[in-house]
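Below are the chains, spelled out letter by letter.
Protein chains: 2
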Amino acid sequence: MLPHSVQSGRTAERDGGERRMKCVSCRDEYGAHDAGTCKECYEEASETEEELKREIEDLKAKVSFLRFDNHQQRPSFTDVVLVAYDGQPVPVPVPVPAHKAVLMSRSPVFKAMLETEMEESRSGTIKISDVSYDALRAFVNYLYTAEACLDEQMAYDLLVLAEKYQVKHLKAYCEKFLVSKLNWDNSIMSYAFAHQHNAKHVLDAALSMITENMNKVTKREEYVELLQKEPRLIVDIYEAYVAKLENTAAHKDS
Amino acid sequence: MLPHSVQSGRTAERDGGERRMKCVSCRDEYGAHDAGTCKECYEEASETEEELKREIEDLKAKVSFLRFDNHQQRPSFTDVVLVAYDGQPVPVPVPVPAHKAVLMSRSPVFKAMLETEMEESRSGTIKISDVSYDALRAFVNYLYTAEACLDEQMAYDLLVLAEKYQVKHLKAYCEKFLVSKLNWDNSIMSYAFAHQHNAKHVLDAALSMITENMNKVTKREEYVELLQKEPRLIVDIYEAYVAKLENTAAHKDS
Numbered sequence: 001m002l003p004h005s006v007q008s009g010r011t012a013e014r015d016g017g018e019r020r021m022k023c024v025s026c027r028d029e030y031g032a033h034d035a036g037t038c039k040e041c042y043e044e045a046s047e048t049e050e051e052l053k054r055e056i057e058d059l060k061a062k063v064s065f066l067r068f069d070n071h072q073q074r075p076s077f078t079d080v081v082l083v084a085y086d087g088q089p090v091p092v093p094v095p096v097p098a099h100k101a102v103l104m105s106r107s108p109v110f111k112a113m114l115e116t117e118m119e120e121s122r123s124g125t126i127k128i129s130d131v132s133y134d135a136l137r138a139f140v141n142y143l144y145t146a147e148a149c150l151d152e153q154m155a156y157d158l159l160v161l162a163e164k165y166q167v168k169h170l171k172a173y174c175e176k177f178l179v180s181k182l183n184w185d186n187s188i189m190s191y192a193f194a195h196q197h198n199a200k201h202v203l204d205a206a207l208s209m210i211t212e213n214m215n216k217v218t219k220r221e222e223y224v225e226l227l228q229k230e231p232r233l234i235v236d237i238y239e240a241y242v243a244k245l246e247n248t249a250a251h252k253d254s
Numbered sequence: 001m002l003p004h005s006v007q008s009g010r011t012a013e014r015d016g017g018e019r020r021m022k023c024v025s026c027r028d029e030y031g032a033h034d035a036g037t038c039k040e041c042y043e044e045a046s047e048t049e050e051e052l053k054r055e056i057e058d059l060k061a062k063v064s065f066l067r068f069d070n071h072q073q074r075p076s077f078t079d080v081v082l083v084a085y086d087g088q089p090v091p092v093p094v095p096v097p098a099h100k101a102v103l104m105s106r107s108p109v110f111k112a113m114l115e116t117e118m119e120e121s122r123s124g125t126i127k128i129s130d131v132s133y134d135a136l137r138a139f140v141n142y143l144y145t146a147e148a149c150l151d152e153q154m155a156y157d158l159l160v161l162a163e164k165y166q167v168k169h170l171k172a173y174c175e176k177f178l179v180s181k182l183n184w185d186n187s188i189m190s191y192a193f194a195h196q197h198n199a200k201h202v203l204d205a206a207l208s209m210i211t212e213n214m215n216k217v218t219k220r221e222e223y224v225e226l227l228q229k230e231p232r233l234i235v236d237i238y239e240a241y242v243a244k245l246e247n248t249a250a251h252k253d254s
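So the sequence lines, in the order shown, correspond to chains S and X.
The first sequence lines up with residues 1 to 254 when you count with the UniProt record's numbering.
The second sequence lines up with residues 1 to 254 when you count with the UniProt record's numbering.
No wet-lab data here; the hints were simulated from the structure.
Heads up, some of the hints might be wrong.
As the list makes no split between identical chains, a pair holds if one copy fits it or if it spans any two.
As the list claims (entries may be wrong) - Pairs of lysine-lysine residues, derived as DSS-like cross-links and limited to a Cα-Cα distance of at most 30 Å, are as follows: (1) 252 - 127; (2) 60 - 181; (3) 181 - 229; (4) 244 - 127; (5) 60 - 200; (6) 111 - 200.
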């Protein structure tokens with residue numbers, strides 16, 4: 001954070017023969033070794049910062065304008081419902097109402113589905129399989145607001161939906177959250193999940209986490225399970241690990 | 001703009017007995033008198049700038065996600081049309097299709113109109129009076145995208161619609177544009193317009209422009225017209241002008 005008053009930053013004192021400056025930001029003195037910027041560049045940077053903050057305020061207002069805030073409370077003039085099937089043959093009883101126009105604008109898959117005379121378009125009901133009611137509701141809410149309240153399970157569920165319906169913005173949002181929650185404990189599970197649902201950022205971050213903790217990770221139950229179910233993914237891990245080892249060795253030699 | 005390499009900024013040379021620093025941003029030398037920040041504060045400010053830029057990127061992506069981009073080309077599943085009446089008894093022939101849900105989400109006036117059983121809700125046609133087709137189209141487009149291509153006339157037209165339908169975000173957008181186009185030449189017209197349509201930012205800016213150019217402005221035809229039509233507004237100008245003169249005089253005395 002840069003303070004705005006710069007006038008009093010010009011004082012300088014001699015200290016042990018070395019001329020010392022006073023920093024206009026933290027007000028501490030500094031010598032040549034700790035020099036940052038001249039006053040002109042400082043002022044320019046402060047202006048840039050102010051401009052960026054104004055731009056952020058403008059963009060936030062735009063987001064708030066474009067968002068459908070009260071959709072979930074009292075949706076009006078909806079023309080389609082989404083119904084969750086959570087693995088059982090009968091649907092979850094509560095349908096989630098929505099507007100075809102919003103679904104189409106956010107997802108090319110919904111667009112294709114609703115533009116053509118597919119069953120969903122005629123019946124006004126879109127069946128969403130393998131999803132809980134809560135996840136479906138959060139998914140639809142995100143399409144209206146670009147917001148979701150995530151925990152790890154919800155991030156996994158929404159990422160699956162985002163990938164299936166090609167909602168890139170939501171997918172990036174979930175990936176960012178999952179990467180921030182990565183640790184060596186959940187790295188194998190995240191890695192397998194990311195591979196299955198084409199989540200490249202999570203995949204790369206998980207692979208890196210795994211190769212940094214190979215000794216611990218390879219002793220885990222999830223590792224053994226993955227080895228049995230999808231040995232090809234374990235090969236990828238070893239390839240990355242060996243490349244890392246070789247890289248480190250080459251670095252030491254030079 | 002702050003460059004990222006700071007390592008080489010530490011050099012300092014003696015010049016005429018005064019120790020001089022090298023600015024890590026512009027690379028020029030500076031003395032005590034032109035001191036800006038120390039290195040630590042510079043690095044902190046650079047990080048802040050990077051963070052702000054990332055936030056801007058995130059917000060831009062959100063805006064782009066929430067926007068209905070292709071609305072005007074091929075609107076799908078619209079359930080209402082807006083029809084422009086430009087002062088003639090017959091409407092402009094081309095109606096502008098839209099979604100009730102979008103209109104309601106952006107404007108409390110449309111919300112009230114469509115939620116209740118008013119004629120517009122039943123007929124699916126909303127008549128918009130005293131507006132050209134182009135302005136209506138731009139207005140509806142703004143409700144979908146938060147974007148408009150403005151010139152002065154369009155800014156006036158959209159501000160009127162924004163005020164009438166209480167679309168605050170659009171009103172602020174038009175006001176900002178009109179303030180940027182203010183000059184003493186258009187100040188009286190802007191002032192009268194702003195008063196009529198409750199545009200406070202334009203009003204304040206125009207009043208300030210007028211009082212700064214009283215001699216020139218009071219000779220103009222628009223001034224004489226306004227004096228005849230709305231003398232109360234001229235009184236407001238004189239009140240502001242006299243306050244300014246008194247303020248300047250008081251400043252000089254002290």
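Tested hints:
no.: 1; hint: 252 - 127; verdict: neither (57 Å within a copy, 77 Å between copies)
no.: 2; hint: 60 - 181; verdict: both (26 Å within a copy, 25 Å between copies)
no.: 3; hint: 181 - 229; verdict: within (25 Å within a copy, 67 Å between copies)
no.: 4; hint: 244 - 127; verdict: neither (45 Å within a copy, 68 Å between copies)
no.: 5; hint: 60 - 200; verdict: both (28 Å within a copy, 22 Å between copies)
no.: 6; hint: 111 - 200; verdict: within (25 Å within a copy, 42 Å between copies)
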